[in-house]
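Undergrad: The lines below spell out each chain.
Protein chains: 2
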Amino acid sequence: MSKVPKTLETLCINTIRGLSIDGVQAANSGHPGLPLGAAAMAYTIWTKHLKHDPSDPKWFNRDRFILSAGHGSMLLYSLLHLTGYDLTIEDLRNFRQWSSKTPGHPENTITPGVEMATGPLGQGISTAVGIALAERFLAAKYNKKDLSVVDHYTYGICSDGDLMEGVSNEACSLAGHLGLGKLIFLYDDNKITIDGGTDRAFTEDVEARLVAQGWHTQRVDGNDVDAIDAAIEVAKAETAKPSLIFCRTTIGYGSPNKAGTSKVHGAPLGEEELKLTKKNLGLPENESFYVNSEAEKVFRSAVKAGADNNKAWNDLFAEYQKAYPEEAAELTLAISGEMPAGLWSGCPTFPEKIASRSASGKVLNAIAAKLPTLLGGTADLAESNMTDMHGLGLQSKDEPTGRNIAYGIREHAMGAIMNGINIHGGCRSFGGTFMVFSDYCRPAVRLAALMHQPTVFVFTHDSIGLGEDGPTHQPIEHLVSMRAIPNLNVMRPADGNETAACWKIALDSKGTPSVLALSRQALASLTSDDIEKHPAGKGAYILSDADSGAPRLVIIATGSEVEPALVAKKLLEQEGIATRVVNMPSTFLFESQSKGYQSHVLPRNVPTVSVEAGSTLGWAKYAGASVGIDHFGASAPAGTLMKEFGFTAENIAKVARRLFQEHE
Amino acid sequence: MSKVPKTLETLCINTIRGLSIDGVQAANSGHPGLPLGAAAMAYTIWTKHLKHDPSDPKWFNRDRFILSAGHGSMLLYSLLHLTGYDLTIEDLRNFRQWSSKTPGHPENTITPGVEMATGPLGQGISTAVGIALAERFLAAKYNKKDLSVVDHYTYGICSDGDLMEGVSNEACSLAGHLGLGKLIFLYDDNKITIDGGTDRAFTEDVEARLVAQGWHTQRVDGNDVDAIDAAIEVAKAETAKPSLIFCRTTIGYGSPNKAGTSKVHGAPLGEEELKLTKKNLGLPENESFYVNSEAEKVFRSAVKAGADNNKAWNDLFAEYQKAYPEEAAELTLAISGEMPAGLWSGCPTFPEKIASRSASGKVLNAIAAKLPTLLGGTADLAESNMTDMHGLGLQSKDEPTGRNIAYGIREHAMGAIMNGINIHGGCRSFGGTFMVFSDYCRPAVRLAALMHQPTVFVFTHDSIGLGEDGPTHQPIEHLVSMRAIPNLNVMRPADGNETAACWKIALDSKGTPSVLALSRQALASLTSDDIEKHPAGKGAYILSDADSGAPRLVIIATGSEVEPALVAKKLLEQEGIATRVVNMPSTFLFESQSKGYQSHVLPRNVPTVSVEAGSTLGWAKYAGASVGIDHFGASAPAGTLMKEFGFTAENIAKVARRLFQEHE
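From first to last, the protein sequence lines stand for chains A and B. So the mapping is simple: my numbering equals the position in the first sequence, first residue as 1, plus 86. So the mapping is simple: my numbering equals the position in the second sequence, first residue as 1, plus 86.
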């Protein structure tokens, strides 16, 4: 882009400001403070650095931009409109309205050019770590001399709140450790949060902390485009460390009566102050959503530049395809999100008794070689979660192609980074921890679901069956509380074969994250060894029908409780009670089956008992009685706990018998 | 304590080690590495600094000790046994066994002398911040010249994992900001985690980070008792900053073949290595749970010292009572956990339409003066959560009696610190954030329930009714997922009066934490204005019975959905369908009522519909049909969302009518 005169530059920045505050005012709801304060920062990134193609928002080699401070969404929407994305002034006018393309916080599933959903603070910058990691991995793996087919930056803007949140502390520590040099964030350092000055709660030396965590830092005036521009150049030159540029700004810049105060954080300016602000900024005070045509030209140059860059990259990729057809095909397939043909042909089956976590580890290692961009990891529980992909390296600055990520004891950052790896595209991610610690990363699990990312959460030690570690480590409420998250497929396989089948479902998914709830303890082999056509795909199925074929009682069980349910069935059949056992690895998948299939598996008016070593909450939908555990666990060997808490065939039979008798 | 000769000191430390590894070996499960490595640190704190009374574990002015690295539980159990708590060698032998007093991770509800449940990493040190804060608050508020009735330290031991977790980053940042000078933690800096060396994932400069966060730091050899002792003295002398003492240790110290490796972190040594270790440590290698009588004497001196300290404090308190009878009575009542008489006499009632969050704020401000040790706060949403206690000060170094805590945008630390304030005793705590961000502090909510702490979580903006902020901010699954946590009372009041009643229930609770799920939007006044005998205490009750008195249809509703449910009832009654509306603010309380009451409110065989602007999961227990929302929300004005997603009287009536007709 040719040099833009200073006055025009100012007009450009103020145009962003004007659109943003008009959007908030039209909605009578939203956050004007950040767009006013950070407009110059955003302008500098978007017009001087960001390589993107407004006509092709998903262009693979684009620089990524993450507005971690998602409440400043109008800033992003203004930029998207101005630079030529499919987002009209009318869309801006409909900010925060029903079915608009401009929701209150950015959503990647709604607005072209939005990379991820932000708003829950700390998630943006943490997820960006995953995006930058995926870029480095793919670059290291696929780029060849003179043919850098993956080569982009990950930019972002974050706020005080982002840097206070624990998840970002975790993610920043890991990003520094990993030395992600192409991650460049600008910090909207405005010293103001919703409740007042940051001196009320946040007086740490943020810069010193980031330096301690391995980041490169700089300080600039957040309204000085040249200084910001130069700082970004320096940040780019620092290739061994992620960069945080402290941009000293004024929240609500330009608002004569509200700038620099928390009043301007999260409420519209009001009609009067809006006018005063526009006047102050040299914008026509009586015009709404004003875009000066000269300013527009500056922004719109992104369209041509983007198309050129996109084309140049496509030419480069064509060259690459010619020179490295195998790698090109591999990368192309990975970007598509499709699984390679024959992925499951070599997958082991499990005729033996095996813990589902162990089966999971074997499955992973069987398919890892065929999925060259699958990145795994664990929050420091590799031997417990069985998540290690043997011999595939540990991700680090020195080994950027390493496919195992040591997340450290940082479950929340793990969740966010896993999402980022998927969001980048070209990679798939999974990560493990104990199921009870799913609580630590729950906001990231929710965002995966909201963002339609197929992240795979490997949550092992899925019940009191983990034994001696006791109630702090024993999930009780976790299965139901994760099932309650929309668009999350919680799968609890009953044996090794079903574990493999659930892995297949998880990897075949394109827009739904999966939880694999896996046992610590060994499970008998009970289900089909046809991994590719396994009935687990239906969510629930008849595992063992009544001997007579006409059940008068149904027992639904999941995971480790399927085996005692089968034994209970035998006891009941011996008493002449025709009993069916339904294995239900996934309520999510079962709910998406036809009503016909559902009532075939669970016939109406047949008394039904559920068995799961977790909260009974939620089971009343399917069952008239439940064997479960509605209190915290205890520390003792697993066998003792299962017996004491009623997960024996005898007790299951007893509960089922009682229900059956009540029903007769 | 008189000076202990070095050889005896070493024997004492090795006695801790021996007991700990014997416990793990007997259980064939547990973590020997930390007790072996950190025994000298623990010995130094417990014999040279910790003021405690083994015969009276709840002595109010004791120093608190938190083993944040709860997996090293045998270290703590060994200390408790050796210093004379009611924990026998037999108890140690039963480590991790059914119904023993020595569970896998420490639990305050089971073992005398254990202050809190630890194990989920980061919680201990973060909760300790709350404990230290409560001490400083009470000291500043109640101590008089020469009569320091509250005056103790909060000590702890933390691990790599504790310091990696985001929650501790948040809590440490806040502790530094608040300048909690009597918080002294020893960091078991052993460079090893479960998966290997900390260089795999944790290479930040931890010391520089803590210094940036406002901590005082020192470095010592973790086996050098004199150096540790001196460092603790220095830490005590630093009264304006919390202290972290980096103790360089060797995990599994003394184990000739496993020390310094991750192998010794979380698995028993094995019989052979156990013997070799004992031999190496100068312990009789064939004796289990060996306690040398001279060593025992050293530890047991805590009993006499504790009794003396306890008595001295009681004498001091008697003096205080004489000199300051009002303050003494106030503090005594606060320590008892009882609410003052007449607390609710001046509580406002709400005949007007009001948001439950606003009513909550008014209730709080009406009772705050009568509850002088109630500490509140918010994760930077005071104006949204309405949690500010007006004019009662902002907690800070300069104003240690301030009763409002600005937690910053740190929900997780807020939860842990709130728990710590309660655990300390003498104070009660509440804190607010948006309900959707309950996910951010969920591990602390769970721990409150597990630890039987009556923490009050004020979660406002409790549904899509928050409007424009959109799906990242709209809770869907949160009500059910919190209801699934054992021993957590989730209350969703229908109006202002019921909000006051729920506050009363929350504050009257002694062993159950509460969630107040409060609306952003205004709610009509619908329920009794008798706050003290409000039917909310039953969890659910008939708010409006069928006009005939004989319902043929029941509508259960909660919170903001009670009003449209009442309108739906009118529509149905007009059609001749006798309809009862049940208001169910708390499933938790309802479940504890008699079966008779339950079936009185919800008669069997009468078709029942539930209405709640959240996930329908869980409602099948009470209802044959549910009006709810099983997908993410959207960004639009609240009224639009409520209409689009079916929370109108018309739609409720439609769903109810359909169920009624199916049933006829």
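Since the hints were derived computationally from the structure, they do not count as laboratory data. Where hints are given, some of them may not hold.
Which copy? The list can't say, so a pair holds if one copy fits it or any two copies do.
As the list claims (entries may be wrong) - Using 27 Å as the maximum straight-line C-alpha spacing, the simulated BS3-like pairs for lysine-lysine come out as follows:
| no. | residue 1 | residue 2 |
| --- | --- | --- |
| 1 | 740 | 681 |
| 2 | 277 | 483 |
| 3 | 456 | 227 |
| 4 | 397 | 439 |
| 5 | 227 | 707 |
| 6 | 596 | 349 |
| 7 | 729 | 439 |
| 8 | 92 | 137 |
| 9 | 448 | 227 |
| 10 | 92 | 619 |
| 11 | 349 | 448 |
| 12 | 707 | 681 |
| 13 | 439 | 349 |
| 14 | 144 | 365 |
| 15 | 322 | 361 |
| 16 | 740 | 483 |
| 17 | 681 | 397 |
| 18 | 681 | 390 |
| 19 | 624 | 707 |
| 20 | 439 | 230 |
| 21 | 740 | 707 |
| 22 | 390 | 619 |
| 23 | 390 | 361 |
| 24 | 144 | 456 |
| 25 | 596 | 681 |
Undergrad: Now tell me, hint by hint, if it's right for this structure.
TA: Each hint, compared with the structure:
1. In the homo-oligomer, the alpha carbons of residue 740 and residue 681 lie at most 27 Å apart only across protomers (21 Å), although the nearest pairing inside one protomer, at 30 Å, exceeds that limit.
2. Within a single copy, residue 277 and residue 483 get their C-alpha atoms only as close as 34 Å, which misses the 27 Å cut-off; across copies the closest is 20 Å, which meets it.
3. Only within a single protomer do residue 456 and residue 227 lie at most 27 Å apart by alpha-carbon distance; the minimum there is 15 Å, versus 66 Å between protomers.
4. In this assembly of identical chains, the alpha carbons of residue 397 and residue 439 never lie at most 27 Å apart, being 55 Å within a copy and 60 Å across copies at closest.
5. In this assembly of identical chains, the alpha carbons of residue 227 and residue 707 never lie at most 27 Å apart, being 49 Å within a copy and 53 Å across copies at closest.
6. When the C-alpha separation of residue 596 and residue 349 is checked against a cutoff of 27 Å, the pair qualifies neither within a copy, at 42 Å, nor between copies, at 39 Å.
7. Taking the shortest Cα distances, residue 729 and residue 439 sit within 27 Å of each other inside one copy (20 Å), while across copies they are farther apart (52 Å).
8. Taking the closest pair of Cα atoms, residue 92 and residue 137 come within 27 Å of each other only inside a single copy of the chain (22 Å); across copies the shortest separation is 67 Å, beyond that limit.
9. Within a single copy, residue 448 and residue 227 get their C-alpha atoms as close as 24 Å, which meets the 27 Å cut-off; across copies the closest is 60 Å, which misses it.
10. In the homo-oligomer, the alpha carbons of residue 92 and residue 619 never lie at most 27 Å apart, since the shortest distance is 64 Å inside one protomer and 69 Å across protomers.
11. Only between protomers do residue 349 and residue 448 lie at most 27 Å apart by alpha-carbon distance; the minimum there is 22 Å, versus 56 Å within a single protomer.
12. For a Cα distance limit of 27 Å, the shortest separation of residue 707 from residue 681 qualifies both inside one copy, at 14 Å, and across copies, at 20 Å.
13. When the C-alpha separation of residue 439 and residue 349 is checked against a cutoff of 27 Å, the pair qualifies only between copies, where the shortest distance is 26 Å, while the shortest distance within a copy is 63 Å.
14. Taking the shortest Cα distances, residue 144 and residue 365 never come within 27 Å of each other, neither inside one copy (38 Å) nor across copies (65 Å).
15. Taking the shortest alpha-carbon separations for residue 322 and residue 361, neither the intra-copy value of 39 Å nor the inter-copy value of 57 Å comes in at or below 27 Å.
16. In this assembly of identical chains, the alpha carbons of residue 740 and residue 483 never lie at most 27 Å apart, being 58 Å within a copy and 61 Å across copies at closest.
17. For the homomeric pair residue 681 and residue 397, neither the shortest alpha-carbon distance inside one copy (49 Å) nor that between copies (72 Å) is at most 27 Å.
18. For the homomeric pair residue 681 and residue 390, neither the shortest alpha-carbon distance inside one copy (52 Å) nor that between copies (72 Å) is at most 27 Å.
19. With identical chains, the CA atoms of residue 624 and residue 707 are at most 27 Å apart both within one copy (18 Å) and between copies (24 Å).
20. For a Cα distance limit of 27 Å, the shortest separation of residue 439 from residue 230 qualifies neither inside one copy, at 46 Å, nor across copies, at 68 Å.
21. Taking identical chains as interchangeable, the C-alpha atoms of residue 740 and residue 707 lie at most 27 Å apart whether they share a chain (21 Å) or sit on different chains (21 Å).
22. Neither within a single protomer nor between protomers do residue 390 and residue 619 lie at most 27 Å apart by alpha-carbon distance, with minima of 48 Å and 71 Å respectively.
23. In this assembly of identical chains, residue 390 and residue 361 lie within 27 Å of each other by CA distance neither inside one copy nor across copies; the values are 34 Å within and 75 Å between.
24. In this assembly of identical chains, residue 144 and residue 456 lie within 27 Å of each other by CA distance solely inside one copy; the values are 25 Å within and 59 Å between copies.
25. For the homomeric pair residue 596 and residue 681, the shortest alpha-carbon distance inside one copy (24 Å) is at most 27 Å, but the shortest distance between copies (47 Å) is not.
Hint compliance for this structure: hints 4, 5, 6, 10, 14, 15, 16, 17, 18, 20, 22 and 23 are broken, all remaining hints hold.
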